[in-house]
Amino acid sequence: MRPVAIYSDLMGPDNVFAAIALPHLDAAFNLARWLTGSRADAEDVVQEAMVRALTYFPTYRGGSGRAWILQIVRNTAYGALKARRGERGAGHTGVDAAADIESIPDLADDPEKALILSDDLERMDALIASLPLELRETLVLRELEELSYREIAQITAAPIGTVMSRLWRARRMLTQAAAEGARR
Amino acid sequence: MSAGDCGKLLLLQAEIDGELDAAEAAALAEHRAGCPVCKRNEALLLAARQALRGATYHRAGPELLRAVATRIGAGGAAPQRRRTAVPWQGLIGFGAGAALAAAIVLTLLPFGRPQLVAALVDDHVRALQPGHLLDVVSTNQHTVKPWFDGRLDFAPPVKDLASSGFPLLGGRLDYVHGRSVAVLVYSRGKHLIELFVWPAKGTAGQPARSARDGYNIVHWTADGMSLSAVSDLEPAGLDQFAREWRQTP
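Residue numbers (this note's numbering), protein chains in the order written: chain G, 1 to 184; chain U, 185 to 433.
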């Protein structure tokens with residue numbers, strides 16, 4: 001069996017775009033929701049991003065459609081955050097400037113206590129939401145979208161090494177916060 | 185290097201994330217065997233993963249799907265710009281071979297409209313919204329098959345593929361391009377496979393696959409039915425599904 005490129009032959013350009021973009025609507029919304037923290041904002045971001053993607057579509061050169069869409073969603077969300085927060089920037093937390101991956105204090109002597117959290121969905125969500133933006137988006141793309149390091153690097157415009165250290169920081173902070181919470 | 189990192193920390197994380205190739209993984213395994221730091225970091229990474237299973241995946245609601253579809257001109261109604269309204273015209277132009285073209289035409293003809301693939305993908309996506317997936321929930325083909333009786337003007341074949349690794353979850357009625365179709369829903373791990381079934385004219389046709397990154401579709405015809413399997417499963421997995429379906433009596 002060989003793949004058949006019937007989309008572009010049988011349908012107009014709009015439908016080709018829809019066939020590429022619409023399957024990733026959930027992923028787009030999930031990312032926008034985690035970045036903006038609000039359902040209404042996320043819906044606005046997704047609509048705007050999809051319209052932008054349609055505009056850029058002639059320059060789309062194949063490859064992962066999901067990564068391409070999510071990249072546009074992410075940029076749109078950053079724009080929305082920036083507008084919301086004024087000129088202080090879209091949550092550039094400078095988290096990568098920290099000295100090394102060990103700079104976060106080590107509190108997680110009981111990482112397994114984090115397990116307790118899987119029963120406490122709201123608290124898990126609150127912990128993720130409290131992560132710095134760069135760590136949050138990297139974690140969401142990896143754990144919820146199950147994207148590869150390479151795709152995450154493309155979407156977040158960061159080198160793969162940065163993606164790796166952000167992932168580690170995010171997981172470490174989360175486990176620590178979870179263990180602290182469980183200890184109380 | 186500090187107490188929390190033996191120098192292999194990010195490599196260990198990459199291994200747990202499935203990012204290492206066999207050689208890299210083997211090299212790491214040698215180090216890991218005698219490294220207490222790795223052992224501890226592994227526990228932390230696994231705990232984080234476990235905890236994150238509880239994180240909410242926010243899904244787009246049907247209103248957002250409608251709004252986006254409208255704004256990008258794919259709102260289920262006729263697309264605003266279409267290169268051709270005649271499926272034949274497009275088919276003649278593409279050189280994938282007459283046999284494949286014939287298979288696709290057979291598949292497309294019952295609808296007589298060119299946007300079938302997009303319609304099936306849209307439908308699949310819509311069905312993934314909460315509460316839309318199944319009208320009849322049963323892993324038993326002898327429950328699902330009779331459920332369609334009286335609800336459709338044809339009797340869709342229902343097969344149990346659990347022993348091949350594709351358990352049946354149930355079925356639903358759906359409406360694609362103005363006609364009622366049967367949809368059988370199977371699973372493969374965390375992926376869902378939806379098999380759209382409707383009567384077809386013509387003889388049995390070999391499977392033809394169309395693929396657009398996220399979603400794959402395999403169409404074929406057999407026993408007077410047109411079948412289209414739609415899933416985000418990888419192409420090889422979906423091919424296997426089609427093969428198992430065709431081989432199961």
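What the hints contain is simulated information worked out from the structure, not anything from laboratory work.
Each residue gets a CB set at the ideal place from its N, CA and C atoms; glycine is no exception.
Do not rely on the hints blindly, as some may be mistaken.
Said to hold, decoys possible - Pulled a few chain G residues facing chain U out of the computed Cβ check, cut under 7 Å:
| no. | residue |
| --- | --- |
| 1 | Asp41 |
| 2 | Glu43 |
| 3 | Thr175 |
Going through the hints against the structure:
| no. | hint | verdict |
| --- | --- | --- |
| 1 | Asp41 | 12 Å, violated |
| 2 | Glu43 | 5 Å, holds |
| 3 | Thr175 | 5 Å, holds |
In the structure shown, a violation is registered for the earlier hint numbered 1 alone.
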